[in-house]
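*Asks:* Chains as they are written, first to last, in the working numbering: chain W, 29 to 330; chain S, 29 to 330.
Incorrect hints may appear among the rest.
In this list, chains with the same sequence are indistinguishable; a pair is considered to hold if it fits within one copy or across any two.
Calculated pairs, BS3-like style, for lysine-lysine (alpha carbon to alpha carbon, straight line, at most 27 angstroms) [unchecked claim]: (1) Lys299 - Lys76; (2) Lys212 - Lys284; (3) Lys81 - Lys299; (4) Lys262 - Lys284; (5) Lys249 - Lys299; (6) Lys184 - Lys285; (7) Lys187 - Lys230; (8) Lys179 - Lys78; (9) Lys329 - Lys284; (10) Lys299 - Lys212; (11) Lys284 - Lys76; (12) Lys299 - Lys78.
Honestly, the hints are just simulated from the structure, not real lab data.
These numbers were taken from a predicted model, which means no experiment stands behind them.
Okay, here's what each chain looks like letter by letter:
There are 2 protein chains.
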Amino acid sequence: MFAVTILGNNSALPAYDRHPTAQIVTLNDQVLLIDCGEGTQMQLSRYKVKRGKLNHIFISHLHGDHYFGLIGLVTSMGLLGREQPLHLYAPPGLDEIIQLQLKVAATSLPFELVYHALTKEELILDGPKFSVECFSTKHRIPCWGFIVREKKLPRKVDKDKAIEFMIPASFYNSLKEGTDYITKDGTVILNDQVTIPNSAPKSYAFCADTIYDERIAAIAKDVTLLYHEATYLKDLEERAAARFHSTTIQAAMIAKKANANQLLLGHFSSKYEFLDDYLTEATAVFPNTQLAIEGVTFLVKR
Amino acid sequence: MFAVTILGNNSALPAYDRHPTAQIVTLNDQVLLIDCGEGTQMQLSRYKVKRGKLNHIFISHLHGDHYFGLIGLVTSMGLLGREQPLHLYAPPGLDEIIQLQLKVAATSLPFELVYHALTKEELILDGPKFSVECFSTKHRIPCWGFIVREKKLPRKVDKDKAIEFMIPASFYNSLKEGTDYITKDGTVILNDQVTIPNSAPKSYAFCADTIYDERIAAIAKDVTLLYHEATYLKDLEERAAARFHSTTIQAAMIAKKANANQLLLGHFSSKYEFLDDYLTEATAVFPNTQLAIEGVTFLVKR
């Protein structure tokens, strides 16, 4: 299971019951949170996301609609008795705000909050089954996108073939890793005679807030699911540029240039009550587009 | 019109779709906000409160469930182009947090945020039609309650009587102030011959978070509507005391000792999904009790 659940999809001003940016990325038993606008802790409850599995939070930038919900979530985790460390990946500055807010409340968290300051494009999390790297986007203040990549999946053992070649089950894990099997009499059973490749690793690129920037297409090349902001419809291209945001068409062009499998649009301006035009405009350029509707889970799949 | 609208009624952990503390006090054309837990700006939209009339915000203390929504509300007011000054009455420390949050966002507000630090019990707002005073409560960190009082209302002119005594209409405003009228021949028409008293000024006491403290009953003596926290039901009196909170019975006892006209209970613990027992327990001590249900407006009346 590799999926993205939308908790908030609106730009700065909450409107029409749409919340500021927050997304859950689920990878098997791991839960990652990307951005944490005001009300995220309520949205987590609303959509029944398990907080106990949430150990990594990524904040793209320090505009309030991307982090004002963080302190509430973190202190609530404390009240609920969390003990395991929580890793926070965010631009420099947020740690000082959090510490100040804890200080005035005379509160200390019952768990370790591990702060990872985002300062350059790099691999920021390297787990056994997935990795996360950050990349900078062009916005009014320092801003970071994130790419979550599955690790290469082990090959699958073709059991009928393995039995036919009399390979002991104790060697199956080595087979999954791609190792050839050598029989007692020295015969080499080539790995691809008894295994089949697993599906190629999938990936999710969260492109944060950004002006139209073709560099993102290169960074997110061949990504499975690309989330790109589309604050405005295409007729407001100038306003988008002036505010370091993007339009529907621009988001779709990035997805096309990146050769993404699917595009997810979000960060909708509170100018728009209805979102139909977003889909109409974007699909004209990149057909496999979806709107990041709150509460909906999008599978990262080909 | 003098009324209190509940935007949030829960204690620290949001639960069962109940939000952290926030209340709107409406006095004719003025709107005051007391406390501003996370999500308050969404609750203002939900209950259609006019932000343009909101010029004074009061924060009781710096536990997050009483102020985490403030920065979102304030920056949204900026995005919406607010120009008139906004007065903020809060314990020292909140100004530094707000300034830091504006700094990391490279944002400046398009209006003046006037910070009034609460440091002693005093009159903090003295308007033409109402006043607000603050008083300290006993909580884990410095905490302030607020009493909003209508000013003494002008007397009403009995027009039939005024015409009978041939008092010119130009003198009516003086009559409302209680002045006697002297005719050209020197006859004194006593004010109470031609006016009737208006209703007595009403008042609202918001008693913040507090341990059981009879001093509050003296401070809020004869208040019209008393809001008192009741985090716990009566069986958890020890836990309430340990955490500097109150129970249903204690809140009702304060209302009784204060000779309040009506009691409003709030700050419900997330332990309790249903609130019926709060009302049952409190009304046994103080019959005229209401629960601070979100979205409900309570008239301050006798």
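*Asks:* Against each hint, give a clear statement of whether it holds in the structure.
*Replies:* Hints, one by one, checked against the model:
Taking the shortest Cα distances, Lys299 and Lys76 sit within 27 angstroms of each other only across copies (18 angstroms), while inside one copy they are farther apart (30 angstroms). In this homomeric assembly, Lys212 and Lys284 never come within 27 angstroms of each other (Cα to Cα): the closest approach is 53 angstroms inside a single copy and 92 angstroms across copies. For the homomeric pair Lys81 and Lys299, the shortest alpha-carbon distance between copies (23 angstroms) is at most 27 angstroms, but the shortest distance inside one copy (36 angstroms) is not. Taking identical chains as interchangeable, the C-alpha atoms of Lys262 and Lys284 lie at most 27 angstroms apart only when both belong to the same chain, with a minimum of 16 angstroms there against 63 angstroms between chains.
Neither within a single protomer nor between protomers do Lys249 and Lys299 lie at most 27 angstroms apart by alpha-carbon distance, with minima of 32 angstroms and 49 angstroms respectively. When the C-alpha separation of Lys184 and Lys285 is checked against a cutoff of 27 angstroms, the pair qualifies neither within a copy, at 33 angstroms, nor between copies, at 76 angstroms. In this assembly of identical chains, the alpha carbons of Lys187 and Lys230 lie at most 27 angstroms apart only when taken from the same copy (25 angstroms versus 83 angstroms across copies). Proximity of Lys179 to Lys78 under the C-alpha cut-off of 27 angstroms is restricted to the intra-copy arrangement: shortest distance 23 angstroms within a copy versus 52 angstroms between copies.
Proximity of Lys329 to Lys284 under the C-alpha cut-off of 27 angstroms is restricted to the intra-copy arrangement: shortest distance 17 angstroms within a copy versus 64 angstroms between copies. Taking identical chains as interchangeable, the C-alpha atoms of Lys299 and Lys212 are never at most 27 angstroms apart, the minima being 73 angstroms within one chain and 66 angstroms between chains. Proximity of Lys284 to Lys76 under the C-alpha cut-off of 27 angstroms is found in neither arrangement, the shortest distances being 34 angstroms within a copy and 42 angstroms between copies. Taking CA atoms no more than 27 angstroms apart as the test, Lys299 paired with Lys78 passes between copies only; the shortest distance there is 19 angstroms, against 33 angstroms inside one copy.
Going down the numbered hints, you'll see the structure goes against 2, 5, 6, 10 and 11, while the others check out.
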